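**Q** Heads up, the sequence shown is in this note's numbering, so the first residue is 1 and it goes up one at a time.
Please note: incorrect hints may appear among the correct ones.
Mimicking DSS-like on lysine-lysine, the simulated pairs with C-alpha atoms at most 25 Å apart in a straight line are [as the list claims (entries may be wrong)]:
| # | residue 1 | residue 2 |
| --- | --- | --- |
| 1 | 235 | 264 |
| 2 | 153 | 182 |
| 3 | 209 | 75 |
| 4 | 75 | 123 |
| 5 | 264 | 75 |
| 6 | 235 | 288 |
| 7 | 209 | 123 |
| 8 | 16 | 80 |
| 9 | 246 | 264 |
Derived DEER-like restraints, expressed as beta-carbon distance ranges [what the hints assert, rightly or not]:
| # | residue 1 | residue 2 | range |
| --- | --- | --- | --- |
| 10 | 313 | 31 | 33 to 41 Å |
| 11 | 64 | 300 | 53 to 61 Å |
| 12 | 116 | 181 | 45 to 53 Å |
| 13 | 64 | 97 | 17 to 25 Å |
| 14 | 244 | 116 | 41 to 49 Å |
No lab work stands behind these hints: they were computed from the structure.
In this text, all values refer to a predicted model and were calculated from it rather than measured experimentally.
We treat Cβ as the ideally placed atom computed from N, Cα and C, and that holds for glycine.
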Amino acid sequence: MGLAWSHEEPLADMMKNHVSSYKDLPIFIYQFQNKLRNEMRAKSGVMRGREFVMKDMYSFAATEEDHEAFYESSKQAYSKVFERLGIGDDTFITFAAGGAFTEFSHEFQTICDAGEDITYISKDRKVAINEEVLSEKTLQELGVNREDLEERKTAEVGNIFNFGTQKGEDVGLFFNNEAGEKSPVWMGSYGIGVTRLVGVLVEKFADDKGIVWPEAVAPYRVHLVGLNLDDQEVKDYAEGVYSTLKERGVEVLFDDRDNRPGEKFAEADLIGLPYRVVVSRKTKDEGKLELTDRKTQETRLLTEEELYNDLTS
1 MGLAWSHEEP LADMMKNHVS SYKDLPIFIY QFQNKLRNEM RAKSGVMRGR EFVMKDMYSF
61 AATEEDHEAF YESSKQAYSK VFERLGIGDD TFITFAAGGA FTEFSHEFQT ICDAGEDITY
121 ISKDRKVAIN EEVLSEKTLQ ELGVNREDLE ERKTAEVGNI FNFGTQKGED VGLFFNNEAG
181 EKSPVWMGSY GIGVTRLVGV LVEKFADDKG IVWPEAVAPY RVHLVGLNLD DQEVKDYAEG
241 VYSTLKERGV EVLFDDRDNR PGEKFAEADL IGLPYRVVVS RKTKDEGKLE LTDRKTQETR
301 LLTEEELYND LTS
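Produce the complete structure using the sequences and hints provided.
**A** And the structure:
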């Protein structure tokens, strides 16, 4: 049995069945896959485990120009992902070791006290350097002064590697170019650590009550908490609100258990969905619903229609 945490070689080998001419390129393929690693320092829950989920992507191009263009577009695409997750301002494209292929690779490092990497960051210059490659030579090449860099603990949430033509040459992935000449394919590898990213989001946004999920990745948008459900009229009303929210495309988790209100509220905060909606005998009699923003803890009383409009706007 073979276990791998990246799959450049087998995928490049697979591409031999699909690439023979420059007309077949460029090709971009991706996968989400569970990875296994003999991690000697497994700790911090999902931040560093022996099993984790990665989003892998691989690019195959005919020319250096096409390859570099996609490589740069991937930087921007990854940056947009982290912006949507609310960590864009704290995530930096970071110069890191390039291995046998290039002088540098690029990591996406997020400032996080639970992180295990040390990154030197200049927010003004928008330059970040992994501790492993920090040297006078690197500083000179990047035109950065050591005193302008701030040392921060970070967590690596993504990385991209420029393999040039070396991977193609190593595995024998060639194509016929426009002149009919045999040429190696240009390759790149791009990854986001999905499992670790979840851990980083929890570490960044949790408070003393529990998790605070960003809306972009929350498993549900609304936590509907039903109280006084032993009253059939209240139960019917709560189930009606639940059905209407679903019909209007709102992802909702309905807590219809026979538990105490305080317990339900505490568990709603612990789970950390973006919004909590409370239906009770009191709110039903008032013709209002209680909407609480998990992040700000702001609570408003809204009519049903106001609630639906607010959550679907």
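**Q** If a hint holds in the structure, say so; if it doesn't, say that too.
**A** Now the hints, each set against the structure:
1. 235 / 264: holds, 16 Å
2. 153 / 182: violated, 46 Å
3. 209 / 75: violated, 35 Å
4. 75 / 123: holds, 17 Å
5. 264 / 75: Given pair residue 264, residue 75 is violated - Cα atoms ~42 Å apart, limit 25 Å.
6. 235 / 288: holds, 15 Å
7. 209 / 123: violated, 31 Å
8. 16 / 80: Judged against 25 Å, a Cα distance of about 33 Å means the pair is violated.
9. 246 / 264: holds, 21 Å
10. 313 / 31: 33 to 41 Å: holds, 35 Å
11. 64 / 300: 53 to 61 Å: Holds, since residue 64 and residue 300 (Cβ atoms, about 56 Å apart) stay within the stated range.
12. 116 / 181: 45 to 53 Å: holds, 46 Å
13. 64 / 97: 17 to 25 Å: Cβ of residue 64 to Cβ of residue 97: about 22 Å, so the range 17 to 25 Å holds.
14. 244 / 116: 41 to 49 Å: For residue 244 and residue 116 the Cβ distance comes to about 46 Å; the hint holds.
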